[in-house]
Amino acid sequence: MTMTMRALLGATALCGLSAGAFAESITVATVNNGDMIRMQGLMSDFNAKHPDIQVNWVTLEENALRQQVTTDIATGGGQFDVLTIGTYEVPIWAKQNWLSPLNDLPAEYNVDDLLPSVRGALSVDGTLYSLPFYGESAMVMYRTDLAEKAGITIPDSPTWDDIKAAAAAMTDKGNEVYGICLRGKPGWGENMAFIGAMNNSYGGRWFDMDWKPQFDSQEWKDTVADYLDLMTNYGPPGASSNGFNENLTLFQQGKCGMWIDATVAAGFVTDPTNSTVADHVGYAQFPNKAGVDNHGNWFWAWTLAIPASSQKQDAAKTFIQWATSQEYTNLVASKEGWRAAPPGTRTSLYENAEYLAAAPFAKMTLDSMNAVDFSKPSVQEIPYTGAQFVAIPEFQGIGTAVGQEMSAALAGQETGDEALAKAQALTDEEMKAAGYIQ
Amino acid sequence: MATQASRSAARLMISPSVILLFLWMAVPLGMVIYYSFRRYRLLNPDRAGWAGWSNYSNFVFSPDFGGALVNTLILVLGVLLLTVILGILIALLIDQPIWGQGPVRILVISPFFIMPPVSALVWKNMFFNPSNGLFGELFKYLGMPPYDFLGQAPLASIVTIVAWEWLPFATLILLTALQSLDGEQLEAAEMDGAPPLKRFFYIVLPHMSRAITVVVLIQTIFLLGIFGEILVTTSGGPGTASTTLPFLIFKKALLDFDVGTAAAGGIVAVILANIVAIFLMKAIGKNLD
Amino acid sequence: MARAVTPARKTVNTAAAWIVALIIFFPILWTILTSFKPEPVAVASPPVFLNFDWSFDNYRTVIQQRGYGQFFWNSVVIAFGSTILGMIIAIPAAWAMAFVHGPRTKDLLMWMLSTKMMPAAGVLVPIYLIAVYFKMLDTQILLTVVLMLMNLPIIIWMLYTYFREIPVDILEAARMDGATLFNEIVYVLTPMAVPGIASTLLLNVILAWNESFWTLNLTAFNAAPLTKFIAGFSSPQGLFYAKLSAASVMAFLPILILGWFSQKQLVRGLTFGAVK
Numbered sequence: 001m002t003m004t005m006r007a008l009l010g011a012t013a014l015c016g017l018s019a020g021a022f023a024e025s026i027t028v029a030t031v032n033n034g035d036m037i038r039m040q041g042l043m044s045d046f047n048a049k050h051p052d053i054q055v056n057w058v059t060l061e062e063n064a065l066r067q068q069v070t071t072d073i074a075t076g077g078g079q080f081d082v083l084t085i086g087t088y089e090v091p092i093w094a095k096q097n098w099l100s101p102l103n104d105l106p107a108e109y110n111v112d113d114l115l116p117s118v119r120g121a122l123s124v125d126g127t128l129y130s131l132p133f134y135g136e137s138a139m140v141m142y143r144t145d146l147a148e149k150a151g152i153t154i155p156d157s158p159t160w161d162d163i164k165a166a167a168a169a170m171t172d173k174g175n176e177v178y179g180i181c182l183r184g185k186p187g188w189g190e191n192m193a194f195i196g197a198m199n200n201s202y203g204g205r206w207f208d209m210d211w212k213p214q215f216d217s218q219e220w221k222d223t224v225a226d227y228l229d230l231m232t233n234y235g236p237p238g239a240s241s242n243g244f245n246e247n248l249t250l251f252q253q254g255k256c257g258m259w260i261d262a263t264v265a266a267g268f269v270t271d272p273t274n275s276t277v278a279d280h281v282g283y284a285q286f287p288n289k290a291g292v293d294n295h296g297n298w299f300w301a302w303t304l305a306i307p308a309s310s311q312k313q314d315a316a317k318t319f320i321q322w323a324t325s326q327e328y329t330n331l332v333a334s335k336e337g338w339r340a341a342p343p344g345t346r347t348s349l350y351e352n353a354e355y356l357a358a359a360p361f362a363k364m365t366l367d368s369m370n371a372v373d374f375s376k377p378s379v380q381e382i383p384y385t386g387a388q389f390v391a392i393p394e395f396q397g398i399g400t401a402v403g404q405e406m407s408a409a410l411a412g413q414e415t416g417d418e419a420l421a422k423a424q425a426l427t428d429e430e431m432k433a434a435g436y437i438q
Numbered sequence: 001m002a003t004q005a006s007r008s009a010a011r012l013m014i015s016p017s018v019i020l021l022f023l024w025m026a027v028p029l030g031m032v033i034y035y036s037f038r039r040y041r042l043l044n045p046d047r048a049g050w051a052g053w054s055n056y057s058n059f060v061f062s063p064d065f066g067g068a069l070v071n072t073l074i075l076v077l078g079v080l081l082l083t084v085i086l087g088i089l090i091a092l093l094i095d096q097p098i099w100g101q102g103p104v105r106i107l108v109i110s111p112f113f114i115m116p117p118v119s120a121l122v123w124k125n126m127f128f129n130p131s132n133g134l135f136g137e138l139f140k141y142l143g144m145p146p147y148d149f150l151g152q153a154p155l156a157s158i159v160t161i162v163a164w165e166w167l168p169f170a171t172l173i174l175l176t177a178l179q180s181l182d183g184e185q186l187e188a189a190e191m192d193g194a195p196p197l198k199r200f201f202y203i204v205l206p207h208m209s210r211a212i213t214v215v216v217l218i219q220t221i222f223l224l225g226i227f228g229e230i231l232v233t234t235s236g237g238p239g240t241a242s243t244t245l246p247f248l249i250f251k252k253a254l255l256d257f258d259v260g261t262a263a264a265g266g267i268v269a270v271i272l273a274n275i276v277a278i279f280l281m282k283a284i285g286k287n288l289d
Numbered sequence: 001m002a003r004a005v006t007p008a009r010k011t012v013n014t015a016a017a018w019i020v021a022l023i024i025f026f027p028i029l030w031t032i033l034t035s036f037k038p039e040p041v042a043v044a045s046p047p048v049f050l051n052f053d054w055s056f057d058n059y060r061t062v063i064q065q066r067g068y069g070q071f072f073w074n075s076v077v078i079a080f081g082s083t084i085l086g087m088i089i090a091i092p093a094a095w096a097m098a099f100v101h102g103p104r105t106k107d108l109l110m111w112m113l114s115t116k117m118m119p120a121a122g123v124l125v126p127i128y129l130i131a132v133y134f135k136m137l138d139t140q141i142l143l144t145v146v147l148m149l150m151n152l153p154i155i156i157w158m159l160y161t162y163f164r165e166i167p168v169d170i171l172e173a174a175r176m177d178g179a180t181l182f183n184e185i186v187y188v189l190t191p192m193a194v195p196g197i198a199s200t201l202l203l204n205v206i207l208a209w210n211e212s213f214w215t216l217n218l219t220a221f222n223a224a225p226l227t228k229f230i231a232g233f234s235s236p237q238g239l240f241y242a243k244l245s246a247a248s249v250m251a252f253l254p255i256l257i258l259g260w261f262s263q264k265q266l267v268r269g270l271t272f273g274a275v276k
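Residue numbers (full-length UniProt numbering), protein chains in the order written: chain Y, 1 to 438; chain Z, 1 to 289; chain F, 1 to 276.
Keep in mind that the hints are not guaranteed to be accurate.
[As the list claims (entries may be wrong)] Once the Cα atoms are required to be at most 25 Å apart in a straight line, the calculated BS3-like pairs of lysine-lysine come out as:
no. : chain 1 : residue 1 : chain 2 : residue 2
1   : F       : Lys10     : Z       : Lys198
2   : Y       : Lys49     : Y       : Lys335
3   : F       : Lys135    : Y       : Lys312
Honestly, the hints are just simulated from the structure, not real lab data.
Could you build the full structure based on these sequences and the hints that come with them?
What follows is the structure, encoded as structure tokens:
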């Protein structure tokens, strides 16, 4: 028997073992975002360390994932052992006892290294219920070459007026360059994440202290009017179906002058293999309206949680620790460079000189995340906590319905005021049905 | 051969199907009726209780309901019209003596084999997308600004996709019917000097009426449930511009997680579907025997 | 009603028919072409048709990232399983209806068809809860049974129309000639029934293969068929047209080839036996 043959046989036997008698398989539901797809490509490391655990992936588009995961957990379906959910779901679901608490993490996981704000967002009464895979705030990403060509500079902390002026200067529709790309695809986690944050930075709020919806307020009217103005004059065609991923593609193709979105995007727009504009990206803080001390309060982390209904708690726990560990970060760095490391979860990453050198957006990301105040995302008095979302169970439905109206306005099917009037009516109805308003 | 014995044997042979279908209809329907009177929110399980008729009134009086009805009608009628008219034209064309009738037929029936999520994704991204789709390129080539099909004409775009999926079905049935048409009758009419249009309306079309009936009946059954194409392309939007009745119910159940209202919507839809069914059976049932 | 025409006329007709056929087929052709392109070429402007570096890279990437075998196998099991199970239940029923014509047969058929009009979205939550209760969520058995029930009315109806075409006289003639029941079934009935059964089988396998409401909502991984596989390619990050195309081709090619090879039976099947 030759060496190769023997090696082959040995490998087959190993495969047989790992997939067979001793293997426990866990099902992981996740979003089809770049970082998660990358993780699926790095599974050989996990398989080598834990040959007894086989990981099955369910990869879905964000809205589809939410729908499926939420139905499963709310009915005790038990189809999944690990869920990819966000800072909105974790506290709400933890309070329903739908998630397993993650108390006894081993010392090498170094739980104290997690960014305090992220850890806080994933804890209820001091107990951690989910581990962060990557975290984000939002910022302006812009094309330095286009800005130079147009003869403008974007300040580090721009106002919306600055943004509008820059968008006008950079737009060149004949060459398919659009001054600004923003989310328009309906969904509470899609367009309403952006519009909600924008409204925060205009000094607006979702509800007043009596839970009365505020879409009839001047702040909302200004927000929506300016959003529509920016997008219809300087945005790409078909914007009403563009979400995070679509805008990322447009930006990578060089079709956007500016893009205001999640900080995690910076790692992808500067990726030379996929981005045609990798060397020409500048960053600025999320804009605010002149005179309003609020930069959107966008805060989000995609996290890995274990449903209480899972029968494979230990295997699931092993997996989520690996996926959110420092060693996973190092693995990504060794394979794809430090720039690609999952951002926004661990303090150590932002103390790593190599990362800071490779990722010019690191400081902006950390500063933006640290500036967020969950307890008070708006400058006005509010009865809720949250960020670019409102942390109540009903928000998912309300946010999506309001998002539909905004996207209809963006597609030109109704005016901004009409959309706001409808949003007001439907939110009011929903809040009454849910018992917030008597 | 319908003796007493064979009748009871027949009953025995039919009953498994009937029982299964009855359970498949009655059990979920019973549950839906129960939920339709309950307050039942998946995300807020603590807030449960009897809701009276409020789920029904919420659903029927919601501003989306009327629009969804109209959209459902437009979708079903639009696809029926397109497939029947284009189907007749294509069937007439393929029925002529041509070279390569076999391959042509294979090409024409192919869309029928494509699963709805695939056709929706392909059309949405590779054709309708204004920045990177082929139609966008076509507009650019013609010197026009790209048109945002799914944003500006969502329902028409969905009708196009669905009609593309169902055109093979209509064409094939109509073609089969056409091929059984008696050529001599047509030739006689031609000899008598009847112009082509007249021949079509007085001989060909009446001959195809039964086939058209089948197309309408079967397609209506499937079109009333069209769902995947909407979810993938527009999610019922922008706004509610492409929200149909099934999609509205889905939205209530799995986007708002309001099972009570969704159940009420389901009952309303069942009632409406039955009205359509009775209508359809009455109108064309006699044409089928 | 084919008639003799002049060669010139035939040429014009041929050209027109081919143009129409190619337009209808074009989205599929374009998907197949795109699946062999590198990602940037897939969105190139102006579009590139044939002149690019053909490669199987997209297929390799897709299989590596998402797998394929299990989805494919689930599709096969669910589509064939549900259809065969449906046939086993439907054949006796259709047979009885066709040969023992009762006064209510037609009403019964219409009632069966009308169960298909129930909006699936309306009964999703009940079915889901039943599945949770029996711990059947994400199993092949659940999907097989649900799709069987979905298609049962169509199967019965198609078989019924085929069986009715079998002339009863022949049976009686065979009996007069002294044929045993066994001979009657094997030599007389089966040959006449087989084409109809084959058509029904084929068409319903295709309907089940392409079903995309229940397959998407009742599965996660273990029983997830190709519809679920393709759903993961909705709006991913980065350029994805080529990968989407490769995944699409992998999802529809098996059934497309099956359809092409069985074209004749299928045409019969597609007409639901109702048009001769």
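How the hints compare with the structure:
no.: 1; hint: F:Lys10 with Z:Lys198; in the structure: holds, 22 Å
no.: 2; hint: Y:Lys49 with Y:Lys335; in the structure: holds, 17 Å
no.: 3; hint: F:Lys135 with Y:Lys312; in the structure: holds, 16 Å
Checked against the numbered hints above, the structure breaks none of them.
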